[in-house]
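S.K.: The sequence shown begins at 640 in the numbering used here and counts up by one.
What the hints contain is simulated information worked out from the structure, not anything from laboratory work.
Some hints could be false.
[What the hints assert, rightly or not] Each pair of labels, with its calculated beta carbon distance range:
hint	residue 1	residue 2	range
1	676	656	15 to 23 Å
2	698	669	30 to 38 Å
3	660	684	14 to 22 Å
4	684	657	29 to 37 Å
5	721	683	31 to 39 Å
6	687	667	33 to 41 Å
7	724	667	16 to 24 Å
Just so you know, even glycine gets a beta-carbon here, dropped at the ideal spot from N, CA and C.
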Amino acid sequence: MQWSAFDDPVHDAQRHFRRVLAAMAEPGTLHSCDGPAAPPGAAIGPALWATLLSLCDLDTRVWVAPDLAAQGLLEALAFHTGGQITDAPRRPTLPS
């Protein structure tokens, strides 16, 4: 399954990030997503795929639920973002 990415990775990711911020700042409002499409039959939609491409980078540890991780998502995410795929979710520890 072929996972596409942004045409212009830096600028498109920045543009989508600003849309995510606007959506979080205005709960209940609708926002469009013109990012890359997830492959047909994927367990995630284009909005989540574009958000993952925008938020993940080399310093990001990513855990994806097994029912969403099928069909090459983890490999595509690691390839396109450099994000570190982890096998299990982990709660951050608070400093003592």
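S.K.: It remains to establish, for every hint, whether it holds in the given structure.
M.R.: For each hint, the structure was consulted:
no., hint, result
1, 676 to 656: 15 to 23 Å, "18 Å, holds"
2, 698 to 669: 30 to 38 Å, "31 Å, holds"
3, 660 to 684: 14 to 22 Å, "19 Å, holds"
4, 684 to 657: 29 to 37 Å, "19 Å, violated"
5, 721 to 683: 31 to 39 Å, "19 Å, violated"
6, 687 to 667: 33 to 41 Å, "19 Å, violated"
7, 724 to 667: 16 to 24 Å, "33 Å, violated"
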